[in-house]
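Peer 1: The primary structure of each chain is shown beneath.
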Amino acid sequence: MPKAVFPAEMKNLESMIAFIREGAEKLDFDKMTLSQLHLACEEVLVNIINYAYPDKEGSIEINCKPGQEQLRIEIVDSGIPFRPLDIPEPDINLPLEERSPGGLGIFMMRKIMDQVSYTRDQGRNILTMAKGKQP
Amino acid sequence: MKHVEITNQPKGKIEIVKVAGFMDMAEVPKLEQALDALIKEGTIRIVLDLTGLEYVSSAGLGAIIGRIREVRRSGGDIKIGGYSEMVYNILETFGFTQVFDTYTSREEAIQKFEA
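Line by line, the protein sequences are chains A and B.
At position 96 of the first sequence (counting the first as 1) the number is 96 in my numbering, and the numbers step up by one without a gap.
At position 107 of the second sequence (counting the first as 1) the number is 107 in my numbering, and the numbers step up by one without a gap.
Incorrect hints may have been included.
Stated by the list, open to error - Here are a few chain B residues that face chain A, going by a calculated C-beta distance under 10 angstroms:
| id | residue |
| --- | --- |
| 1 | V56 |
| 2 | I68 |
| 3 | R69 |
| 4 | F96 |
Honestly, the hints are just simulated from the structure, not real lab data.
Just so you know, even glycine gets a beta-carbon here, dropped at the ideal spot from N, CA and C.
All chains, full assembly: derive it from the sequences and hints.
Peer 2: Structure (C-alpha cells):
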C-alpha cells in the first residue's frame, strides 16, 4: 500500500492531495469523481491541519490502496480524538440565515465517499474512506 | 500549483465577478478579499460568474454564504450567474441551489437584478 507522511501544515495540503490523486490514477476515475474525491480528502485533511494538534506540531500519514474497482484511503493522525461520524449532519433545507457553517465539510466527505469508517487506536485517529467507480 | 483567478467588471450598479480556476482552502482568501473590497465600497448587487471554476470546497462556499448574508442585510444580493458542472453538482447535492439565487448565465442574473 503506497504510504506517505506529511507535517500537518496547510502548505503541504497540495502535496497530500497530489499523493492521493496519484493513487487514484490506476482506477481511471472520470473527472467528476476525481473532483469529488479531491473535495472529500481536502475536507478531512484541512480539518486535521486546523484542529488535530492545537498545542504541538504533528503529522498526517496517508495510505492509498487502489483496487480493481475501488480506491481505499486511510488517513491517520496522532492528534486529539476526533470521530467524524459523530458530527451531526447540517440541515441542508434550512434558509441561508439559519445555516451554520460548522460541519459542512465533514458532511460533504461522508456524502461523497461510498464507505467511511473510523477507529481510535494507540492514540491515533484512523479514518478509512473508499470510493468506487461510478456505474 | 493550481490557482483561482478573479476578475471584476462593472455593469451599471451591478458588479460582475468572474471566478475561474481552482479554489481550494488556500485560495479562498482571494475571493474573500475581492468581495469584501466591493462590499466595503458600497456594492451590494454582485453577479458571481462561476462558469470557469473547476473546483470549490466547503471553505469557498462558506466565504460565499457569509458575503451573501452581508449584502442581503443591506437589501442587495449576490446571484450566481453561470456555473461549471462540478460547481453545480456541489451546489445541488448540498442544497445551495435552494438558498443561492442561481442562474445558468451571467446575463440572466443581471436581468433579474434589473427587473
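Peer 1: Compare the structure with each hint and give your call.
Peer 2: Outcome of the hint check:
| no. | hint | in the structure |
| --- | --- | --- |
| 1 | V56 | holds (8 angstroms) |
| 2 | I68 | holds (6 angstroms) |
| 3 | R69 | holds (6 angstroms) |
| 4 | F96 | holds (8 angstroms) |
Going down the numbered hints, you'll see the structure goes against none, and every one checks out.
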